[in-house]
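As given, the protein sequences belong to chains X and C, one line each in that order. Residues in the first sequence are numbered consecutively from 0, following numbering that gives the first Met the number 0. Residues in the second sequence are numbered consecutively from 0, following numbering that gives the first Met the number 0.
Just so you know, not all the hints are guaranteed correct.
Derived Cβ-Cβ restraints for the label pairs, each shown as a range [as the list claims (entries may be wrong)]:
{"id": "1", "chain 1": "X", "residue 1": "Gly57", "chain 2": "C", "residue 2": "His560", "range": "44 to 54 Å"}
{"id": "2", "chain 1": "C", "residue 1": "Glu333", "chain 2": "X", "residue 2": "Ile91", "range": "31 to 41 Å"}
{"id": "3", "chain 1": "C", "residue 1": "Pro408", "chain 2": "X", "residue 2": "Asp95", "range": "25 to 35 Å"}
Stretch by stretch, here's where chain C covers chain X in the computed footprint (C-beta under 8 Å, at least three residues) [said to hold, decoys possible]:
{"id": "4", "segment": "16 to 27"}
{"id": "5", "segment": "104 to 114"}
Bear in mind the hints are in silico, worked out from the structure with no lab data behind them. Note that CB positions come from ideal geometry on N, CA and C, so glycine has one too.
What follows is each chain in one-letter form.
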Amino acid sequence: MTKRILIVEDQEDNRRIMRDMLSHAGYGTDEVTSGEDAIAYLGDRKADLILMDVQLPGLDGYATTRHIKSDPALQGIPVVAVTSFAFSGDEIKARDAGCDDYIAKPYSPRALLQMVRSLLD
Amino acid sequence: MRLRLKFRYALTLLGLTLTVVVTQSVAQYMELRSAADELRESTALSMDGALLRQYQQRAVGLSTALSTSVVDALYRLDVEEIDTLVSGLSSLPDVDGVAVLDGSGLLYLEGDIPGFTDDVSAVAAWSAGDSLPASTMVEFLEDKILTSTPVKLSGSTIGHVVLAVSMMPIREELAAVRADHDRRVSDATVVILATSVEIAAVAAMLCMVLAFFVGGRLSRPITSLTLLAQRIGRGDFRMPEGLGGPGEVGELASSFVGMADNLRRTTVSNAYLDGILSSMLDGLVVTDAEGLIRKVNAATCTLLELEEDQLIDRPLARFLDVERLSADDLEPREGLARRQNGESVPVLISRAELVDGQDRAQSRVWVFRDITRIRQAQDELIAAKKDAERANEAKSQFLANMSHELRTPLNAVLGFSELVIDGTYGDISPAVREAMERVERNGQHLLGLINDVLDLSKIEAGRLALSLGRYDMADVVRTVESSLGPLAAEKRITLECSIPPELPTGWGDGRRITQALMNLVGNAVKFTESGTVSVGVECDSISFTVSVTDTGPGIAETDQHTIFEDFYQVDGSITRRQGGTGLGLAIAKRMIEMHGGRLWVDSTLGQGAEFVFTVPVRTERQTVAA
Numbered sequence: 000m001t002k003r004i005l006i007v008e009d010q011e012d013n014r015r016i017m018r019d020m021l022s023h024a025g026y027g028t029d030e031v032t033s034g035e036d037a038i039a040y041l042g043d044r045k046a047d048l049i050l051m052d053v054q055l056p057g058l059d060g061y062a063t064t065r066h067i068k069s070d071p072a073l074q075g076i077p078v079v080a081v082t083s084f085a086f087s088g089d090e091i092k093a094r095d096a097g098c099d100d101y102i103a104k105p106y107s108p109r110a111l112l113q114m115v116r117s118l119l120d
Numbered sequence: 000m001r002l003r004l005k006f007r008y009a010l011t012l013l014g015l016t017l018t019v020v021v022t023q024s025v026a027q028y029m030e031l032r033s034a035a036d037e038l039r040e041s042t043a044l045s046m047d048g049a050l051l052r053q054y055q056q057r058a059v060g061l062s063t064a065l066s067t068s069v070v071d072a073l074y075r076l077d078v079e080e081i082d083t084l085v086s087g088l089s090s091l092p093d094v095d096g097v098a099v100l101d102g103s104g105l106l107y108l109e110g111d112i113p114g115f116t117d118d119v120s121a122v123a124a125w126s127a128g129d130s131l132p133a134s135t136m137v138e139f140l141e142d143k144i145l146t147s148t149p150v151k152l153s154g155s156t157i158g159h160v161v162l163a164v165s166m167m168p169i170r171e172e173l174a175a176v177r178a179d180h181d182r183r184v185s186d187a188t189v190v191i192l193a194t195s196v197e198i199a200a201v202a203a204m205l206c207m208v209l210a211f212f213v214g215g216r217l218s219r220p221i222t223s224l225t226l227l228a229q230r231i232g233r234g235d236f237r238m239p240e241g242l243g244g245p246g247e248v249g250e251l252a253s254s255f256v257g258m259a260d261n262l263r264r265t266t267v268s269n270a271y272l273d274g275i276l277s278s279m280l281d282g283l284v285v286t287d288a289e290g291l292i293r294k295v296n297a298a299t300c301t302l303l304e305l306e307e308d309q310l311i312d313r314p315l316a317r318f319l320d321v322e323r324l325s326a327d328d329l330e331p332r333e334g335l336a337r338r339q340n341g342e343s344v345p346v347l348i349s350r351a352e353l354v355d356g357q358d359r360a361q362s363r364v365w366v367f368r369d370i371t372r373i374r375q376a377q378d379e380l381i382a383a384k385k386d387a388e389r390a391n392e393a394k395s396q397f398l399a400n401m402s403h404e405l406r407t408p409l410n411a412v413l414g415f416s417e418l419v420i421d422g423t424y425g426d427i428s429p430a431v432r433e434a435m436e437r438v439e440r441n442g443q444h445l446l447g448l449i450n451d452v453l454d455l456s457k458i459e460a461g462r463l464a465l466s467l468g469r470y471d472m473a474d475v476v477r478t479v480e481s482s483l484g485p486l487a488a489e490k491r492i493t494l495e496c497s498i499p500p501e502l503p504t505g506w507g508d509g510r511r512i513t514q515a516l517m518n519l520v521g522n523a524v525k526f527t528e529s530g531t532v533s534v535g536v537e538c539d540s541i542s543f544t545v546s547v548t549d550t551g552p553g554i555a556e557t558d559q560h561t562i563f564e565d566f567y568q569v570d571g572s573i574t575r576r577q578g579g580t581g582l583g584l585a586i587a588k589r590m591i592e593m594h595g596g597r598l599w600v601d602s603t604l605g606q607g608a609e610f611v612f613t614v615p616v617r618t619e620r621q622t623v624a625a
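Extracted from the complex, chain X is given alone in its bound form (with noise of 0.2 Å):
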């Protein structure tokens, strides 16, 4: 069965990137652009992974991770926080929040696939 990894990113080039990167390696992909719709998708439809982007418009990655680590239906789901850039204290904060893993753009999609690969296998 296909797992199906949310996206959560509000630039298109870097929606794309991780969509033609996943799909490619056969995951099945969904895409939402805020913290908002990603816990109102989350509402009804189940995801195995998140690719969380940290700034976002409105309630940002880690509030939205934090609200999604303290729902006892989600908070199995792992998260990758996707830092804009590699601030020191990023992966505290992204530790925090409850993230999983995280990755400071611009990052290596080889890398970040080999990262999604270790979370779900």
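Add chain C to chain X, keeping to what the hints say.
Structure of chain C alone, referenced to chain X:
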């Protein structure tokens, strides 16, 4: 009365000489006197003796003559003849009394001298008896000679002749001789005294001359020193040549010259002082114990726009804001100088106590400087500094923002390049692959540049915070080795890393330390054309020491400081050829220093370089780099 030294010398010498002369004269006189007295006494004695002997002989002669001539008459008891004989004898001027005694007593006596009868009785007494002397007996009395001569007839004594010869004429003669002698002696004394006085007078004259001469000689150097002292007193420190010489006075003169020289060097004349004061750009005021102005210089008048006589004797507090200076606060303070027209001038005031001999503060000297321009300049500087800080802040912010904005599209460039290369969009020809790899490589380079600029701008803005946590130095080295190994291999350079076993776990920002080491090793690989780049780690309980040694071109000593400056590369062309921003070393240095460590280079041009850094095993707290 104060006498000149010369006269005092002369008088002292004179006194001494006179004392000697007078003492000598007195001694001579005394000696002469005693010699004269002795002579007189001995003369008198010898004269006395001679006269007495003469009179004695006369008395004995007369007495003997009478005793011879009277024998017959006495035998016959012819009174008349006795009387004639006695009268004849007693008529002699010096015969006071004549007595002829028979065996039984007085027969005849003549003469009226008092006591003669008693004398005769006494003679009669000692003439009687067996002890009656056979020859003339002589007895000296006070003023006469008594003789008693036995009158003998055929060997038997039939009577005595007693004769009293007066000694008054002798006495008178002696007295006359003595008087004459005394007169002669006193005449001689007068002569001696007169001679002594003359000698003394001549000696005194000579003394005077000598004393003035010697006194003059003695006092001349002192007099000239006195004149010099007076000159020094007037502030004239020029010393004539040739002072000094042997002896105490010479030493004194030498000391004097030395003293004058010292004084000349340390003493300033009023004119000298006024020259200095009037040349001062700062205002100078001297106040007395009451705070009244005693002296001002030209700059004070200029600054206060007043004449000197409008300031002298006025309280300084009227012109200068001096209240804020407390009694023992001598630090320069800012204050205000008040002009007559109500204007205030900002001044910097300093003050010093002028202390007299008893260490008592008598007056004060105030120096004040117009700091209007300094204030303006200061204000301008502060404003300029604020502007610069704002600009710098804006620059840092701009760089941070720009870096972020630049990286967003770069993420897409790099991401899509990789996807294309990985065949995500289908198989690609080798030519397309190579082109895409160039896109990716340049994209990575651009990313490196942007990251460096971003890091530095964050450091400069003070926004770079270390994220302290556990890290493994061995991991740090291995990460760098695996990142740069491919580049080294491509350049056919050996990259060797030696990591000692059982390194302690570090506490710090492992990512930043990795970044620093990455920069160092990256540079080494970049600049080394052939040979080896080796990374070594040492550790004690306090710090890690990491060294990066290469066989590259080395760095000249003059460049060894500047290579750690921002945007600096020894050879600008290398930047273009090798890539890189020139920020790597600056960033590495700051990262290390933020950990409380040090980064330095040891290199000789042409013989490679060794970059070494130390970081504490445990970074206690973040040290913010400037």
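Results for each hint:
no. : hint                             : verdict
1   : X:Gly57 <-> C:His560: 44 to 54 Å : holds (51 Å)
2   : C:Glu333 <-> X:Ile91: 31 to 41 Å : violated (50 Å)
3   : C:Pro408 <-> X:Asp95: 25 to 35 Å : holds (30 Å)
4   : 16 to 27                         : holds (count 4)
5   : 104 to 114                       : holds (count 6)
Hint check: a violation occurs at hint 2 only; the rest are consistent with the structure.
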